[in-house]
Amino acid sequence: MDRGGLAVRRGDPTIEEVAKRMTKTVTLTEPELAGQWDVEPLDDGRLLLSRHTGPSVDELARRAGGERLSPEEFERRFGHLPRDGEG
Amino acid sequence: MATSRGRVPARFDDEPFGLDTDRYRSGSRACDVAELARRRFEAEGVPVQALMACDEEGRDGTRLEGLLKVYLPLIEAPAAERPFGMVFDPIDTERGSVLNYVAFGVRHHPKGSHAPTVYAIAHRRLHGRSP
Numbered sequence: 001m002d003r004g005g006l007a008v009r010r011g012d013p014t015i016e017e018v019a020k021r022m023t024k025t026v027t028l029t030e031p032e033l034a035g036q037w038d039v040e041p042l043d044d045g046r047l048l049l050s051r052h053t054g055p056s057v058d059e060l061a062r063r064a065g066g067e068r069l070s071p072e073e074f075e076r077r078f079g080h081l082p083r084d085g086e087g
Numbered sequence: 001m002a003t004s005r006g007r008v009p010a011r012f013d014d015e016p017f018g019l020d021t022d023r024y025r026s027g028s029r030a031c032d033v034a035e036l037a038r039r040r041f042e043a044e045g046v047p048v049q050a051l052m053a054c055d056e057e058g059r060d061g062t063r064l065e066g067l068l069k070v071y072l073p074l075i076e077a078p079a080a081e082r083p084f085g086m087v088f089d090p091i092d093t094e095r096g097s098v099l100n101y102v103a104f105g106v107r108h109h110p111k112g113s114h115a116p117t118v119y120a121i122a123h124r125r126l127h128g129r130s131p
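Respectively, the protein sequence lines represent chains A and B.
Residue numbers 1 to 87, in the working numbering, belong to the letters of the first sequence in order.
Residue numbers 1 to 131, in the working numbering, belong to the letters of the second sequence in order.
Because the hints were derived from the structure by calculation, they are not lab data.
Since the structure is predicted, the reported quantities are computational estimates derived from the model, not experimental observations.
The beta carbon of each residue, even a glycine, is placed where N, CA and C say it ideally should be.
One or more hints might be untrue.
[What the hints assert, rightly or not] Examples of chain B residues lying across from chain A (beta carbon under 10 Å, computed):
1. VAL8
2. ASP60
3. VAL102
[As the list claims (entries may be wrong)] Just a sample of chain B residues kept apart from chain A, beta carbon distances all over 12 Å, derived:
4. ARG25
5. GLY27
6. ARG29
7. ALA30
8. CYS31
9. ARG40
10. GLU44
11. PRO73
12. LYS111
[As the list claims (entries may be wrong)] Not the full set, but computed from the structure, chain B residues with beta-carbon under 7 Å of chain A:
13. GLU15
14. MET52
15. GLY58
16. GLY66
17. TYR119
18. ILE121
Next up, chain B with everything else stripped away, as it sits in the complex (with noise of 0.2 Å):
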C-alpha cells in the first residue's frame, strides 16, 4: 500500500466501528466527528503529526502499550476543544505499515458519568477485561 508522506494508512472494520457508534445518537455530534474521521483516514491516511502513543499505565487505571491514538476533531485546537479521541493498532501487512482501528468515544467523561471512555474500550479490547 503507498503511503503519502507523513500519514499512514488506516484500516477500518464495520464491527468495532458500529459497536462504537452505536453508543451515540445518530446525527449526534460524536457520531459526525467518527464518521467524517473515517472517511478522511480511509481516503488520505493518518497524518503522523496528530499521532500519540498511548501510555501502558493511564491516568484512568488503563493500559494500552503499542497502541496510537489522535485527538478528534482533527483541527488546530486545544486539547479540551477535541473531546474526541480514536485509538489505533499499528500492523505491518504485506503492503506495508497500516494502522488498524481498535475504538473511538470520548476522551473524558463528566463526573459521575459510567460509560467508558474511548481508553476503556480499547483496553477491553486489548486485555478482554475491565481496566
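So that you can see chain A by itself, here it is in the shape it has in the complex (with noise of 0.2 Å):
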C-alpha cells in the first residue's frame, strides 16, 4: 500500500547528488551582471543566485588524473595535521 513516504533504496542518489542535479548554470549579460551565475533553490523556495563557482572537487581530481586520498592515508604519509575550527 502506497503511504505516501519517500522509499530509499539501496544505490539511489544521495541528497547531496540530487542538490547538484537541481543546481543549474545561467548566463546573465546585463551590464552589472554580465557572466555565469549559479542558481540554487533553497529550502524555503527562494532561489539563491552565486557567482559560477566552476568545476567541482571530483572533476578536478578526474582532470589531475588522480584519486582522492582519505584523510587518514594523508596523515600516514605526512603525519599529522593541525585544526582551527574555523572551516
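Combine both chains into one complex, guided by the hints.
Shown next, in the form of C-alpha cells:
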C-alpha cells in the first residue's frame, strides 16, 4: 500500500547528489551582472544566485588523473595535521 | 613526481583559479598573494608545516572533510596578518601524492559582507551547493 512516504533503496542518489543536479548555471548579460551564475533552489522556495564556482572537487581530481586520498592515508604519509575550527 | 622533503607537489587548474582571482580587482593584494602562492607552490611544492586539515564541520557551517588548507601570505606572522586561505584536495596520482587546488579567497569577511569566503567556495565545489 502506498502510504505516501519516500522509499529509499540501495543505489538511490544521495541528497547531495540530488542537490548537484538541481543547481543550474545561467548566463546573464545585464551590464553589472554579466557572466555565469549558479542558481540554487533553497529549502524555503527562494532561489540563490551565486557567481559560478566552476568544476567540482571530483572533476578536478579527474582532470589531474588522480584519486582522492582519505585524510587518514594523507596523515599516514605526511604526519598529523592541526585543525583550527574555522572552516 | 619527486617530493622534496617536507613539501608536497601542488597542481593548479586554470579554470577554478581564474574564477577565484577574478573576484578581486587586478593588481589587488588578494590577486598578488594568490599568484605568488601559485608560482611558489608549483615550483617548490607546499610545505607540510604550513598545512592544516579543514574541518568536518566549521563554525561557519561549511563541511570540508578530507580537504587541507594554508593561510596566506605564507609568512611567519599571527593568523590575523594572513587574511587569505587556499584549500587543496590531496590526491594520489601515478607520480605520487599531489595537492590539487580547490579554492582561494579571504578567510573571513567583515560583518555585512555577502561575498563567499574561501571555505564557502570550497564547500560549493565539494558538495555542489551552498553551506
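Tested hints:
| no. | hint | verdict |
| --- | --- | --- |
| 1 | VAL8 | holds (7 Å) |
| 2 | ASP60 | holds (6 Å) |
| 3 | VAL102 | holds (6 Å) |
| 4 | ARG25 | holds (15 Å) |
| 5 | GLY27 | holds (20 Å) |
| 6 | ARG29 | holds (20 Å) |
| 7 | ALA30 | holds (15 Å) |
| 8 | CYS31 | holds (16 Å) |
| 9 | ARG40 | holds (18 Å) |
| 10 | GLU44 | holds (16 Å) |
| 11 | PRO73 | holds (17 Å) |
| 12 | LYS111 | holds (16 Å) |
| 13 | GLU15 | holds (5 Å) |
| 14 | MET52 | holds (5 Å) |
| 15 | GLY58 | holds (4 Å) |
| 16 | GLY66 | holds (5 Å) |
| 17 | TYR119 | holds (3 Å) |
| 18 | ILE121 | holds (6 Å) |
Checked against the numbered hints above, the structure breaks none of them.
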